[in-house]
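Participant: Protein chains in written order, with the working numbering: chain R, 1 to 304; chain S, 1 to 328.
Heads up, some of the hints might be wrong.
What the hints assert, rightly or not - Below 27 Å or equal to it, Euclidean Cα-Cα: the simulated BS3-like pairs (lysine-lysine) are: (1) R:Lys84 / S:Lys79; (2) R:Lys62 / S:Lys79; (3) R:Lys16 / R:Lys51; (4) S:Lys56 / S:Lys67; (5) S:Lys281 / S:Lys22; (6) S:Lys307 / R:Lys84; (7) R:Lys203 / S:Lys56; (8) S:Lys292 / S:Lys137; (9) S:Lys79 / S:Lys292; (10) S:Lys41 / S:Lys56; (11) S:Lys41 / R:Lys203; (12) S:Lys56 / R:Lys35.
Don't read these hints as lab results, they were simulated from the structure.
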Amino acid sequence: MFVTPTNPRFIDNAWKRGGDVYILDIEDSIAPAEKERCRTLIRESIDKASKGGASIYVRVNKPFVDADLPYAVWPGVARIMLPKTESAQEYQRVHEIISQLEKERGLTPGDIELYPMIESALGAVNIYEILTSTPRKLGSFGGGTGYDMAMNLGIEMFAAFDQYAWPAGNIALACMALDIEPTGGVFVPNESGRVDQGDQAAKQAAALHAAGVHHASALHPNFIEPLVKGLSASAEEIAWANKVITAYEKFIDEGEAVSELDGKVIDQYEYDLAQRTLAWAAACAAKDAYKAQALARTRAAAGD
Amino acid sequence: MMPANLPEIPDQIFVGEMPMPKCIRRSVYVLSMDDPRLGDKAYASWADAILLDWGKQPGHDWQADLKSRMPVAIGAVVKGGAEVFVRINAASALAELDAAVFSGLTGVVVKGVTSAQEIANIAQRLDTLEVTRGIAKGATAIDIEVDTAAAVWLSLDIARASERLGCFLLNEPVLCTALGMQTTPMLEFDPLEYIKSQLITVAVSVGGMVLGMSYPLGLTEENAAEDVVKAAIKRARDTGFKGAVCPHPAWIKHCNDGFRPTEKEAETYIKMIELFADGIKRGMASVPMDGKMIDVPVDLRAKLYLKWALRAQARDDAKAKAHQSPAA
Chain R
1 MFVTPTNPRF
11 IDNAWKRGGD
21 VYILDIEDSI
31 APAEKERCRT
41 LIRESIDKAS
51 KGGASIYVRV
61 NKPFVDADLP
71 YAVWPGVARI
81 MLPKTESAQE
91 YQRVHEIISQ
101 LEKERGLTPG
111 DIELYPMIES
121 ALGAVNIYEI
131 LTSTPRKLGS
141 FGGGTGYDMA
151 MNLGIEMFAA
161 FDQYAWPAGN
171 IALACMALDI
181 EPTGGVFVPN
191 ESGRVDQGDQ
201 AAKQAAALHA
211 AGVHHASALH
221 PNFIEPLVKG
231 LSASAEEIAW
241 ANKVITAYEK
251 FIDEGEAVSE
261 LDGKVIDQYE
271 YDLAQRTLAW
281 AAACAAKDAY
291 KAQALARTRA
301 AAGD
Chain S
1 MMPANLPEIP
11 DQIFVGEMPM
21 PKCIRRSVYV
31 LSMDDPRLGD
41 KAYASWADAI
51 LLDWGKQPGH
61 DWQADLKSRM
71 PVAIGAVVKG
81 GAEVFVRINA
91 ASALAELDAA
101 VFSGLTGVVV
111 KGVTSAQEIA
121 NIAQRLDTLE
131 VTRGIAKGAT
141 AIDIEVDTAA
151 AVWLSLDIAR
161 ASERLGCFLL
171 NEPVLCTALG
181 MQTTPMLEFD
191 PLEYIKSQLI
201 TVAVSVGGMV
211 LGMSYPLGLT
221 EENAAEDVVK
231 AAIKRARDTG
241 FKGAVCPHPA
251 WIKHCNDGFR
261 PTEKEAETYI
271 KMIELFADGI
281 KRGMASVPMD
291 GKMIDVPVDL
301 RAKLYLKWAL
311 RAQARDDAKA
321 KAHQSPAA
């Protein structure tokens with residue numbers, strides 16, 4: 001979830017919200033007159049917002065990367081988000097600045113991810129060149145939708161159909177071609193445009209989960225719980241995956257490559273899918289355990 | 001009509017801003033150069049642009065024939081204030097350009113495009129023709145009629161082939177035929193949705209735009225009831241199209257009214273701009289409005305769309321003025 005470092009209420013309470021990631025924003029949620037002060041608050045906000053075990057990202061301003069990055073590259077920051085990225089050249093330049101700061105500050109080179117936010121048609125058509133222009137790794141990625149994209153395409157947002165089919169799909173395909181986990185890209189109608197309705201988050205999570213997408217972002221705390229729940233592997237999915245694995249391994253031992261389980265065809269594809277479900281369930285469980293421990297530590301320290 | 005209480009918006013809202021949309025071309029009406037009432041029909045149509053169609057008659061020197069008729073046709077159709085285009089074939093484009101490009105022509109619409117090189121060659125020939133025929137350098141636009149699989153697949157290369165590119169015009173019936181698809185709409189979804197989104201994204205990436213219609217009217221091109229046409233235009237605009245080729249004169253007014261921000265939308269943009277400006281004065285980065293959040297991108301969008309509405313209004317005013325001219 002995006003949080004504004006200039007708002008103590010948001011930062012001080014972030015650890016209680018249960019989010020997996022908090023994005024410290026210096027960009028659009030910060031008024032121009034507040035940006036300088038916001039930069040100076042980033043370092044302390046990292047510790048405050050991560051107290052509940054969440055990872056920390058920082059969204060910088062594309063026109064002010066030289067001013068923002070020295071305040072954003074610190075231990076504890078997992079990712080820098082570069083808004084409105086349109087070309088490999090500007091992405092490379094930011095990569096170089098971060099590399100220099102990592103060196104100066106004793107951070108492992110390349111450890112911080114650089115996330116090129118794609119919010120224009122030009123960024124969407126250049127996505128493959130952007131993602132392959134530096135050696136910096138990226139675990140997951142998505143884009144090609146949202147306010148800025150709508151503005152660039154000259155459309156009103158919140159129609160009852162997918163207005164970003166190609167940009168979002170093209171970006172997801174580029175990710176998969178580069179072995180980067182795609183995020184987003186699945187259309188869920190939201191004609192109201194509201195950002196605070198938990199049932200909308202649940203629908204979004206269900207659609208993403210069904211498409212095999214594991215990550216989503218939010219602008220309101222009401223989204224966190226439905227997203228975390230909906231994007232995690234359910235108990236039923238885990239049980240089915242275990243059943244498929246046991247059955248398929250038995251088929252293989254018996255010399256069968258394809259067989260049936262509860263009326264469904266079970267083959268190598270289903271077996272691989274079940275393995276992925278269990279791997280994702282384990283990752284979710286590890287993250288939940290990490291957050292629970294961090295929360296317990298923070299609460300104990302606070303005397304809660 | 002636009003609301004009277006307009007906030008002040010700078011000519012350049014941000015560095016590198018390009019006009020959005022590239023031009024106000026909401027309705028393109030196709031007329032045959034053989035039509036004896038060509039000028040009257042163009043004048044009465046109120047279309048933003050007229051696309052001239054012509055044919056090569058066997059046994060005739062088509063080049064000499066077209067060359068002699070084009071200046072007259074251009075003069076006839078511009079009287080109502082419309083831009084004027086002529087349709088040419090990619091396969092024989094260079095010879096057709098020699099016969100079709102004259103002063104007063106806004107641009108050419110190229111059909112049957114299968115490579116970016118074809119567009120580069122057309123642009124090069126236009127460079128020469130503009131010099132020899134006293135046309136301002138770079139004034140003649142190249143629009144692409146998308147009617148082949150190659151034009152879709154190579155759309156980015158094609159769009160980048162020349163700075164003259166203005167619009168892609170999606171010809172759904174011909175494209176569907178080229179793709180081996182049914183031209184009778186039988187599906188509950190638009191089978192070209194992904195292609196439409198691709199063309200729009202690609203065109204916008206080079207500062208261009210796409211003219212097209214939503215499913216199924218884009219395919220059937222039927223003279224449907226007014227509410228059906230209006231709903232189709234609304235969806236087409238939400239898809240990202242900035243205008244449409246009108247197979248019927250009845251579509252033109254609806255396209256002119258529909259492919260632009262409405263008066264109600266303009267009022268909303270004005271409210272957003274004013275609320276946000278007030279919030280900024282009070283040191284806020286976002287302000288609520290009717291349950292939605294107005295922040296920097298929303299404010300920027302409101303300003304850009306308001307400019308779009310003003311440009312559309314200016315286009316309508318220019319056409320109205322042309323219709324009042326004694327020359328008409």
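Participant: So, for every hint listed, does it hold in this structure?
Facilitator: Hints versus structure:
no.	hint	verdict
1	R:Lys84 / S:Lys79	violated (43 Å)
2	R:Lys62 / S:Lys79	violated (47 Å)
3	R:Lys16 / R:Lys51	holds (9 Å)
4	S:Lys56 / S:Lys67	holds (12 Å)
5	S:Lys281 / S:Lys22	violated (32 Å)
6	S:Lys307 / R:Lys84	holds (22 Å)
7	R:Lys203 / S:Lys56	violated (57 Å)
8	S:Lys292 / S:Lys137	violated (47 Å)
9	S:Lys79 / S:Lys292	violated (46 Å)
10	S:Lys41 / S:Lys56	holds (22 Å)
11	S:Lys41 / R:Lys203	violated (51 Å)
12	S:Lys56 / R:Lys35	violated (65 Å)
Checked against the numbered hints above, the structure violates hints 1, 2, 5, 7, 8, 9, 11 and 12; every other hint is satisfied.
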